[in-house]
Every structure is written in C-alpha cells, then in structure tokens.
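Now for the letters of each chain:
2 protein chains.
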Amino acid sequence: MDDVALLTPRQARQRFRQGLKTPTAGWCKGYVQTNLLIVPKEFAYDALLFAQRNPRSCPVLEVTDEGDPRPLRFAPDADLRTDLPAYRVYENGVRVAETTSIVDLWRDDFVSFLVGCSFTFEAALLDAGIPLKHISLGLNVAMYRTNIRCRPAGRLQGPMVVSMRPIPAELVARAVEVSARFPHSHGAPIHIGEPEKIGIRDLAKPDFGDPVPIAPGELPVFWACGVTFEAAVAASRPPLAITHSPGHMFISDVKDSATTFF
Amino acid sequence: MDDVALLTPRQARQRFRQGLKTPTAGWCKGYVQTNLLIVPKEFAYDALLFAQRNPRSCPVLEVTDEGDPRPLRFAPDADLRTDLPAYRVYENGVRVAETTSIVDLWRDDFVSFLVGCSFTFEAALLDAGIPLKHISLGLNVAMYRTNIRCRPAGRLQGPMVVSMRPIPAELVARAVEVSARFPHSHGAPIHIGEPEKIGIRDLAKPDFGDPVPIAPGELPVFWACGVTFEAAVAASRPPLAITHSPGHMFISDVKDSATTFF
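Keeping their order, the protein sequence lines are chains A and B. Under the numbering used here, the final residue of the first sequence carries the number 265; numbering is consecutive throughout. Under the numbering used here, the final residue of the second sequence carries the number 265; numbering is consecutive throughout.
Heads up, a few of these hints could be off.
One copy or two, it doesn't matter: identical chains are merged, so the pair holds either way.
Stated by the list, open to error - Cut-off 25 angstroms, straight-line C-alpha distance, at most; resulting in silico cross-link-like pairs (SDA-like, lysine to any residue):
hint : residue 1 : residue 2
1    : K258      : D112
2    : K44       : V106
3    : K258      : R154
4    : K258      : A183
5    : K200      : E65
6    : K44       : D112
Hints were generated in silico from the structure; no laboratory data involved.
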C-alpha cells in the first residue's frame, strides 16, 4: 500500500474521481484541505453571511462563480462535482443521499463554498511532535454538535460543530500554538477538556466521524469544524444543499504554509 | 480645545451626529475604526463576495441585517445613518452628494458593511514610537488608486486603493511588524517605497484625502485601504450606493486590542 501522505493533490483527486471513498486525514501532507457547501445562488448570500458571522467555524477560502464547478484559486483544474471522496445531498434539511459524484445533480445556479478544515494543520501538529490518534488508528476524526449557538444569518442558524483530538496533557499548549498559526483553517482550539461545558455528553458517541479513544493523561481538545455548515443546513432546512461527507474533504493545490495567501 | 484622542466612541459619534465633519485619524485612541459601504440588498451578495475575494482591502467586520441601521456587534447603540462625520452618495457610479446624514435617504432594503480601517492600528504605531505626520499635521491621510486590480465579484470590479504614511527608513520594519498584528484592519503594508510600481505617479496628488509631505530619509509606506470599495462603486456603477467619505470613519465600541474578536 502506498503512502497517501506523499500523493500530490492532483493524484488524490484523481483517485476520488474514480470513486475511492475514504476520509482524507493524513492525505497529501502539507496541502490545504477544505470543507464544501453547495447551494443555489438564491441561498448564497445567506450562506456567505453565515460564514462572515461565524468565521471560526466557517472560514471561507473560495467562493466559485455561479454554475462553475471549478475552484479557480485553490485548484483550477479540479472539478468540485467529482473530486471529493463523498458528498451528502440535503433536501429541506433532510439527508437524502450520500454519493461519490454529483455530476447528475449539478445545476447552473449552484454556488460552491470552500471552507478551511483542521486537517490542514495536522501535518504541522505531527511535525511539532504531537501524535494524532485518528490518523495512526486509521479512523475518521471525531466530530460533535455543541451547545454553542452560531450567530444566525438570514435563513441559516444552527450549532457550532467541533472536531476533537486527544492530546497528551504536556503537549496541549504546543497544539494551541501550532494550530493558531492557521487562522483560515479554524486556528486555535475553541475548547480544551470538560466536554460537558460545550454540551457534549458522551465522547464515545460522536455525531460525525468515528469515536477516537482517549487514554489516561490525554485531554480532549476541540477545534471549530466546517461541518458547522452541514449542521446549519440540517437545522435550517433550505430546499436544497450539498456538502462534503464529514472527514471526506476537498484537497486543494495550495500549500498549508501559505497562511498569508489572503 | 479638548484632546479628541481621549473621547469615547460614544462621545465622538454624538458630535458627528450633531453635524461635526472631520477626518477621524487620531480620534478615540485604541478603538476600532471602520469604513462603511451601504447597498440595497439586491447588490449585497456581490459586495460581500467582492470583500471575500479582496480581504486585504475589504476585511468585513460586520454586516447589518436588511434595513437595520444598527451595527449590533460593533456598537449596538449607534446609528449608521447619522454617526459618521460624512457620507458620499453614488448613483450609477457617479457621486451625487456628500452629506453628514443619510436619514432622508434610508431604505428598508439597505445592507451596511463595516470594513476594517488602518486608522485602527495608528495608536499602536504611535505607541511603538512611529511618527504619523498626517495626525501631527492635522491632515487627512493620503490615499491613492493603484494599478493593482481587485479580483472581480459579480457586478463589482475596480482598483485597489491604498493609504500612504511617510515612515522614517529605520522604522519601516517596525511599522510592518506592528500593523501585521491587525489583520482585520488591513494588516501589514502591501507595498513599501517605489510608488511608480503600483501605478502612483505623483505622491503630491492623492486621489482621496490630503497630500502629506515626505521628508528626506522617509519612505512612503502603503497599506490596503477600505476606500477600495468606493473605487469599485465608481468603476462598476451600481444603481445606488452610499459610502463614508474617505478618512471620515465610523468609530466602533470595540477595542483595537481585540484582534481575536472573531
């Protein structure tokens, strides 16, 4: 088996285009990964405003032009209809399909939002000597709905979703410092330890992704997560929306070190 | 004469509400100042997308709800129709009025954008020992259209506008370091020295504000400027738009040290 960390984003997208379905944590070391939200243009202002009002959860990296499935800035030769490992289709807030291609669903009025993802700084965490168990165990990251309300925008509202990584206590401060260098990929954690305080009752039962065991001496560390957008879709029931499947991200051509790309 | 640097934002807004027209550089030391763009809702998506695609020029701090003149996050008791020292009204890209109140022009479909302003980090520059001549000379800051094209968005396009401050050569690096700490207020300069390289032919003839003399031993240092939005309005000719008058900013209740307010 080859090392997916060493693939180029183009190589990875080629595999997903051919139908491979897999979480992308650990893939294409050093490249920006993103969440995806697609809505009809009629809903795009609310989505962009929701992101502006909730930038820790939804840091927008690129917004495509209406009907254009290409992210011209982050991967000009990619096709957002095929190049993610998995998509979720929502109608009126209800998930009606999970699929590896949305070519047949595409419309000329679709607008796509690429939103920063914490997978982007995982290479930097690993380089800083911070172990990441979901990667070493071959799992998807664990994600949870919280009791933190997002600031509503137009017809969109919902809870903040977080990703959780168990971090050895002595490395928690370093994990904060390293991730804080990536403000467009959620930046520093929004919460450390004490999951009950943000409304998470049972870490063993994530709302998205896989449970990741926490060993004695480790703290659960929580980062804002772009799946917040998907939770807002479920809570707000727009007629139609498409997201990536949690953990199954878009891998862009932009290097994670380009934190000043704005 | 009292020291306007020591006024609270509420006191300053009260004066502007009563009709005082003045540039706001140096006012209310330590508080976030912002640019203003107001457009009908029908145009708001293009404006927000333009800002997303040009975040160095147009870092959006707050977007009001349709028809609501209150910036609920940055100054909940303020009224954006009266609380700036001066406004400019544009019809089809042509400036048709400069006024100290827009109460009579207000519409229920207006959406207001508050955009970061470099005046916000001037207190930090002064605290770092960097002289600011426009303040010491009682002038408005000098602003210029450049040959740097903004990334277009929908019906909006135009040139980047910059503000210029003459900085003693030995303090230029420090000015970069200090301003870089304020990414939501344009951050680090976008250009240093050599104005011709960004299309500025004569520093003595700014496109907005006042000329500020440059002494031997000083370099002209250029920061992205929120007047970029006004230049986009002039270049793109939307039916109706209202901006602040350059240099005559909205002064918010948020402290400039709250750089992590997102």
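Structure versus earlier hints - violations, ascending order: Violated hints: 1, 5; rest satisfied.
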